[in-house]
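2 protein chains.
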Amino acid sequence: MKRPPSIREVAQLAGVSLGTASNVLNHPERVSTATRKKVEAAIDELGFIPSEAGRRLRRVDSKLVGVIVFDVANPFFSEAASAIEAYLAQFSCFPVIGSTGGDPTREADLLRLLLGQEVRGIILTPSSGAAESLKLLSSRRIPVVLFDHPALEDGMSAVSVDDTRGAEIAIEHLHSLGHRHIGFINGSARVRQAQARRVGVERSARASHNELTLTEVHAARFDAASGEKAMHELLTSHPEITGVFCANDSLAIGAMRAARQRNLGIPQDISIVGFDDIDVARELITPLTTVRQPMTELGTTAAQLLLEQPAHAQDIAFVPELIVRESTAPPRSWRI
Amino acid sequence: MKRPPSIREVAQLAGVSLGTASNVLNHPERVSTATRKKVEAAIDELGFIPSEAGRRLRRVDSKLVGVIVFDVANPFFSEAASAIEAYLAQFSCFPVIGSTGGDPTREADLLRLLLGQEVRGIILTPSSGAAESLKLLSSRRIPVVLFDHPALEDGMSAVSVDDTRGAEIAIEHLHSLGHRHIGFINGSARVRQAQARRVGVERSARASHNELTLTEVHAARFDAASGEKAMHELLTSHPEITGVFCANDSLAIGAMRAARQRNLGIPQDISIVGFDDIDVARELITPLTTVRQPMTELGTTAAQLLLEQPAHAQDIAFVPELIVRESTAPPRSWRI
DNA sequence: TTGAAAGCGCTAACAG
DNA sequence: CTGTTAGCGCTTTCAA
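From first to last, the protein sequence lines stand for chains C and X. Heads up: the first sequence begins at 80 in the working numbering, then just goes up one per residue. Heads up: the second sequence begins at 80 in the working numbering, then just goes up one per residue.
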């Protein structure tokens, strides 16, 4: 790989000193128009692009922002990542992306690598065992925004969605439609989101004056295959169930498939509510009623907080919104 | 932001010279165990992480790989990006991601910015007007792998899928099931993929000994809403159509929705074939028959070619594969 | 307005 | 095996 042209060569070609060439780039007002033109001509001729590495050595802000998430291929994260990328682009910044798969060790490794890259800051979805990593970060005083996670003690900003409230409105919706026997297909009890959503479900149940009978099952993973399996379990053990809340849209898609395999109409025989509102939720044959997480706003806000660094850490919790589509309706017993 | 500890401070704390500390990091075998221990202790105590900026100045390979695609949120790209990220991670490398939205100007800007970051190489999905950008790249002799695009003259490696062949097998499938009147919902005629897929459709039509009547319509965008609209047009103007090939899965999802709105059974009344095989294709209520593009292999191969830099540029075209699911069947007229 | 020179963190070449 | 030193590309004093 040929060595790219340096600012020294630019200066030489333009017949000025290195410092003057640098001024053309960083303080053009200090340079006379004539010399500026000369230098710019040299820059064009050589195809000179300033090296960020050299620049960073002088402690100029990096244009790289680390983004560490659970899994980039997951639509929830890829939609958010897309928004982060778009926001950063306005400032000529780039996301440098890594996935942890939920492994705290991997998370710590990624963090070290990103710190080595001297990123300007890090947007992080912390795993449960992330205490160690977070200590590393605070000791470095590098800007961090927690993503899809409420704020922790240490004065880092955070953006998240009120998972508990989201689950609550999902159950309220089924309740108000007239459903009394409700299934809840949750993810692994170890992940924070699953725990928070369960709290919301329980809160709704209590608020219903004991009108509701709730049955929770845990899917192995947050995907459609697990949702399908969990739905079959649920319907076999509790055939009285008429409404099901799934902890994300992929699980809900699997649940719909299971219902269909049993010749149950959606929503005639069984209502299904998802969580996330990924792009395809509205595109399904039976468009999915779901609790919308504003992925784009989450991503944009996280990027904004990172770049702007408000004086005080912000803990922003977005309010989830119920999007009613065609997968929910009153149970048969309530219809004429 | 506090200045992070430098290797100089490490050396000082360990009571050795700067060069020795450097050797501990880069050539540990040259250092005695005793001093190595001392230095490692100092590294731990200070939380020292070597600066990639300083390192890169010495022309050490960068750990950053630029990835420029059309749109990160598009499942085709996000699945590939995930594979790229996973492959790079094995070498402690990271993708630095940018989206062009198909704008050649934006593409050129992103390229300049990435070159400024001194990335180790670039994985690029070139837009149609990318000639200028590519010239910039070849003049820099920076490793480039074209993604989802066949190789161009200039000796860059490329990974892509044989779009023409993919369209061909889709039409062959419908033909062999007995369909004679076939609709083709294509994307904008300006994008290369749409052009290539049309060629495949035409080739199949010719190979059928004029048994096939094909009708092409162009959707405005590659999304479900456009597919739905196009499908309605198609079925209104050509009610004899029994099979439809869509240039991607999102269009196919929209087409399915349109068919359903018209009370047409899939596949009883109309067969639908997609293209891509995105994750949800198999999860739809009627799982979609589609032409699979191996996104994971595409991403992995691109990353591998970039890091390994084979002596000669490779132009790798993956062979698409027909995945038959439940959205296709013989037309009514062929059944008993 | 311009030029000269120091120095950011690091690696490698060389000397001891 | 260890220390010394030059220099990567750049920005920023400081002097002229």
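Heads up, a few of these hints could be off.
It does not matter which identical chain is meant; a pair holds if it fits inside one copy or across any two.
As the list claims (entries may be wrong) - Quick list of in silico lysine-lysine cross-link-like pairs, BS3-like style, CA-CA up to 30 Å: (1) K117 - K308; (2) K117 - K214; (3) K214 - K142; (4) K116 - K308.
The set of hints was computed from the structure by calculation and includes no laboratory data.
Is the C-alpha distance from K116 to K308 at most 30 Å within one copy, between copies, in both cases, or in neither? neither (69 Å within a copy, 53 Å between copies)
Status of K214 relative to K117 across identical chains (alpha carbons, at most 30 Å): Between copies only: 24 Å across, 50 Å inside.
Intra- versus inter-copy proximity for K142 and K214 (alpha-carbon distance at most 30 Å): So K214 and K142 pass the 30 Å test inside a copy (24 Å) and across (25 Å) alike.
Checking K117 and K308: alpha-carbon separation at most 30 Å within a copy, between copies, both or neither? Result: close neither inside a copy nor across copies, 70 Å intra and 56 Å inter.
Hint violations for this structure: numbers 1 and 4, all remaining hints satisfied.
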